[in-house]
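Enquirer: The working numbering puts the first residue of the sequence shown at 1, with every later residue one more than the last.
Rather than coming from a laboratory, the hints here were simulated on the basis of the structure. Since the structure is predicted, the reported quantities are computational estimates derived from the model, not experimental observations. Glycine included, every Cβ here is placed at the ideal spot set by N, Cα and C. Be careful, since some hints might not be right.
With a cut-off of at most 20 Å between alpha-carbon atoms, the simulated EDC-like pairs for lysine to aspartate or glutamate come out as follows [said to hold, decoys possible]: (1) 456 to 377; (2) 289 to 451; (3) 289 to 393; (4) 367 to 296; (5) 157 to 115.
Per label pair, the in silico range of CB-to-CB distance [stated by the list, open to error]: (6) 150 to 217: 23 to 31 Å; (7) 463 to 139: 36 to 44 Å; (8) 310 to 242: 48 to 56 Å; (9) 242 to 171: 39 to 47 Å; (10) 217 to 148: 24 to 32 Å; (11) 439 to 122: 24 to 32 Å; (12) 336 to 289: 26 to 34 Å; (13) 21 to 273: 23 to 31 Å; (14) 149 to 183: 16 to 24 Å; (15) 179 to 470: 25 to 33 Å; (16) 381 to 164: 43 to 51 Å; (17) 171 to 40: 31 to 39 Å; (18) 122 to 213: 45 to 53 Å; (19) 179 to 272: 50 to 58 Å.
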Amino acid sequence: MSREMPRLPKTNSPCGPPHETSSNSFWHSEPSPLLLGHRSTRHLPEKVDVVVIGSGLTGTSAARHLLRPTASHSNAKLDVLMLEARESCWGATGRNGGHCQPLLFEHPHDPSIGEFELRNYNTLKQLIEAENIDCEWGSQPGVRAIYGAEIVSRAKKALEVVKGNAPHLANLMRLVTDKTELAKYRIATADGAMVTSVAARMWPYKLVAHLLEDLLTASDLQGTFNLQTFTLVQGISPANAGEGYEVETARGTVLAKRVIVATNAYTSFVLPTFTNFIVPCRGQMSALKPLQSLSDEHRLKTSMGFEGDGLDDYLIQRPNERGGHLMFGGGRTNARSIGVTDDSFVDPKTAAYLRRQLVTVFDLPEKESGSQAPQVELTATHEWTGIMGFSRDEVPWVGPVPGRPGVFIAAGFTGHGMPNTFLSGAAAAIMVRAAFDGRNEEESTAKAMEETGLPKKYLCTEDRRVKCQQMESVEEREEEFERVRRVNAVASDA
């Protein structure tokens with residue numbers, strides 16, 4: 001993409017906290033009665049072994065793996081306190097697109113990333129099946145429609161690289177450019193599509209709610225897990241005496257031996273040193289009623305993504321028997337997104353785009369005039385926003401925070417959390433568990449990588465931070481979206 005546009009200002013200040021109120025996500029339409037406003041104890045404990053900040057899939061996975069360690073760890077019980085600024089799972093996990101689609105070709109020169117995403121996918125699938133979690137998980141192929149010959153060419157080259165260094169991953173995907181086959185996927189106007197055999201749709205909040213409810217109610221964990229909602233963490237500072245950290249909240253301060261930061265977009269609010277490494281980015285979603293041409297036997301049978309210059313949209317369809325809603329998100333070129341942390345309102349231009357785009361993309365027959373008025377847009381039952389955490393080098397940050405011994409992070413998923421978060425949270429927990437078992441940082445990190453397949457590129461090291469400082473900022477990397485947004489704004493004002 002062109003870098004000739006004037007550069008946007010870099011983010012030099014930490015982000016703000018989560019907005020006190022938020023737009024109404026479809027995924028929160030059936031909330032867990034146990035989790036709403038949950039506080040395991042009336043007051044915060046004075047001290048705990050571990051504080052986990054954040055209750056999305058990352059933080060929940062971390063808590064689960066701290067409290068239910070694998071056989072390779074000691075059985076020592078830990079007191080775990082989870083602190084959440086709003087309701088449980090009210091951030092990105094409760095506001096995303098509802099799809100888990102490993103992008104096996106995104107990092108062709110480092111197959112460990114594709115392997116990790118695939119491992120996350122399989123781990124979630126097995127967990128949901130084993131515990132019979134009602135979260136609408138449905139395995140299906142993934143189709144990423146590509147618009148632009150240059151992007152198709154890059155995808156073709158990426159696939160060739162993967163065939164050379166990870167044929168087992170290459171066997172799971174293929175590049176489609178034949179117009180007849182593209183039409184079968186309802187994307188006849190696309191220049192190509194990367195089709196993968198592994199993807200899924202799901203209701204993310206229900207998955208997290210099940211896991212948190214289990215931690216709160218399991219008899220073998222009684223008294224070891226404390227969840228405190230509406231408890232904003234305001235800072236982390238070294239304890240005045242002895243080992244650990246003081247975790248400061250508006251309701252008081254807790255002394256923790258170790259801390260896991262799973263705050264994604266809001267990381268720099270808690271850890272200001274990440275100001276230029278993880279930047280908030282506002283996304284928008286919609287739940288759309290399907291027209292007849294996308295209902296019943298005509299429904300979508302794949303997870304979908306749409307990629308092009310200034311284009312990064314995503315789509316899944318819920319089960320027919322539960323409404324068959326088209327869960328469609330994106331349209332970031334219609335409104336400012338980078339650096340925005342306010343998810344309390346819905347942008348009207350983006351909302352209109354999301355209601356209308358699928359009618360055009362799929363060339364739905366209802367748009368043609370006939371006996372009835374032509375359908376130019378779909379009806380939305382819910383429209384909402386959420387805040388993603390964009391990483392400066394486009395991969396998550398996982399592991400011990402340099403210069404803060406005892407503080408660990410798992411964040412910066414860059415809008416691609418579902419194939420990354422569960423095992424990233426697990427990796428952070430394994431490192432913490434290993435540290436409690438007496439292993440040093442190098443040994444703890446190696447153990448987490450061995451047990452989860454965590455890519456080396458994800459590790460939060462000082463060397464990586466130094467290299468990132470030499471890279472273009474998130475704002476600079478996103479200039480194409482900003483350029484298209486400005487063009488759209490001028491056009492709409494004309």
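Enquirer: Are residue 367 and residue 296 close enough, with their CA atoms no more than 20 Å apart?
Expert: 19 Å, holds
Enquirer: What's the verdict on residue 456 and residue 377, does the C-alpha distance respect the 20 Å limit or exceed it?
Expert: 45 Å, violated
Enquirer: Can the suggested window of 26 to 34 Å be confirmed for the beta-carbon pair residue 336 and residue 289?
Expert: Given range 26 to 34 Å: holds, Cβ gap about 29 Å.
Enquirer: Cβ-Cβ distance between residue 149 and residue 183: within 16 to 24 Å?
Expert: Holds: the Cβ-Cβ distance is about 18 Å, inside 16 to 24 Å.
Enquirer: In this structure, is the beta-carbon distance linking residue 242 and residue 171 contained in 39 to 47 Å?
Expert: 53 Å Cβ-Cβ, so the 39 to 47 Å window is violated.
Enquirer: Holds or violated: 48 to 56 Å for the Cβ distance of residue 310 and residue 242?
Expert: Taking Cβ atoms as reference, residue 310 and residue 242 lie about 53 Å apart, which means the hint holds.
Enquirer: Can you let me know if the beta-carbon spacing of residue 171 and residue 40 is within 31 to 39 Å?
Expert: The hinted range 31 to 39 Å is violated for residue 171 and residue 40, with Cβ atoms some 47 Å apart.
Enquirer: Residue 179 and residue 272, beta-carbon distance inside 50 to 58 Å?
Expert: Cβ of residue 179 to Cβ of residue 272: about 51 Å, so the range 50 to 58 Å holds.
Enquirer: Note whether the CB distance of residue 439 and residue 122 lies within 24 to 32 Å or breaks it.
Expert: 27 Å, holds
Enquirer: For the hint 36 to 44 Å, verify it against the beta carbon of residue 463 and that of residue 139.
Expert: With a Cβ separation near 38 Å, residue 463 and residue 139 satisfy 36 to 44 Å, so the hint holds.
Enquirer: Measuring from beta carbon to beta carbon, are residue 150 and residue 217 in 23 to 31 Å?
Expert: Between residue 150 and residue 217, where Cβ atoms are some 53 Å apart, the hint is violated.
Enquirer: Take a look at whether the Cβ-Cβ distance between residue 21 and residue 273 falls inside 23 to 31 Å.
Expert: Holds: the Cβ-Cβ distance is about 29 Å, inside 23 to 31 Å.
Checked against the numbered hints above, the structure breaks hints 1, 2, 3, 6, 9, 10, 15, 17, 18 and satisfies the rest.
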